[in-house]
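Trainee: Sequence:
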Amino acid sequence: MFKKFKPVWMVESVYQVSAEQLAKHQIKAVFCDLDNTLIAWNNPGGTEELLAWIEEMKLNDIPVTIISNNSGDRVQKVAEHLKLHYIPRALKPLKKGYLQAAEQIGVPLEDCVMIGDQLITDIFGANRIGLRTILVIPILNSDAWNTRINRFFERIIMKKLLKDDPNMRWRKRLE
Numbered sequence: 001m002f003k004k005f006k007p008v009w010m011v012e013s014v015y016q017v018s019a020e021q022l023a024k025h026q027i028k029a030v031f032c033d034l035d036n037t038l039i040a041w042n043n044p045g046g047t048e049e050l051l052a053w054i055e056e057m058k059l060n061d062i063p064v065t066i067i068s069n070n071s072g073d074r075v076q077k078v079a080e081h082l083k084l085h086y087i088p089r090a091l092k093p094l095k096k097g098y099l100q101a102a103e104q105i106g107v108p109l110e111d112c113v114m115i116g117d118q119l120i121t122d123i124f125g126a127n128r129i130g131l132r133t134i135l136v137i138p139i140l141n142s143d144a145w146n147t148r149i150n151r152f153f154e155r156i157i158m159k160k161l162l163k164d165d166p167n168m169r170w171r172k173r174l175e
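Heads up: the sequence shown at position 163 corresponds to 163 in full-length UniProt numbering, and the numbers run straight through without jumps.
No lab work stands behind these hints, which were simulated from the structure alone.
With a Cα cut of at most 30 Å, we get these calculated DSS-like pairs of lysine-lysine:
| # | residue 1 | residue 2 |
| --- | --- | --- |
| 1 | K95 | K83 |
| 2 | K95 | K3 |
| 3 | K6 | K159 |
| 4 | K77 | K58 |
| 5 | K163 | K4 |
| 6 | K96 | K3 |
Take the sequences, apply the hints, and build the full model.
Mentor: The following block contains the structure:
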């Protein structure tokens, strides 16, 4: 049961995922969660490091699509500022948002990867549809009330995953 929550890779930050690494794994598109993955909830403009990462993806023809459970207005504002595709109210972990994102950019799911900071929404949802997954450490430790509930259960799930696979650990790059 817990295998459905296991990410393929675990890296500390989205910035550690390079276009070169993605190409090595035949990944042609990136789906990203928004809050605590791409941006801190209190910094909707993103950091210089984020802007440089997005530029690297664009220079290498790797489209980045935000897949978020947040409201349309919030996601739209950030996505337009960052000049990214987006799927708001994605209802993760349901399959709907991932399918919409793949259709929107015209890239088959098997050529995409999902990057997120939550096991229960981002990783579980992407695993359910057969996407490869990258778990990142949340940018901030503060969460909305509903996310705090998820984090409680994620600690239990992560403990079990780490017990079952001692090689599972945070890395500096995809391996």
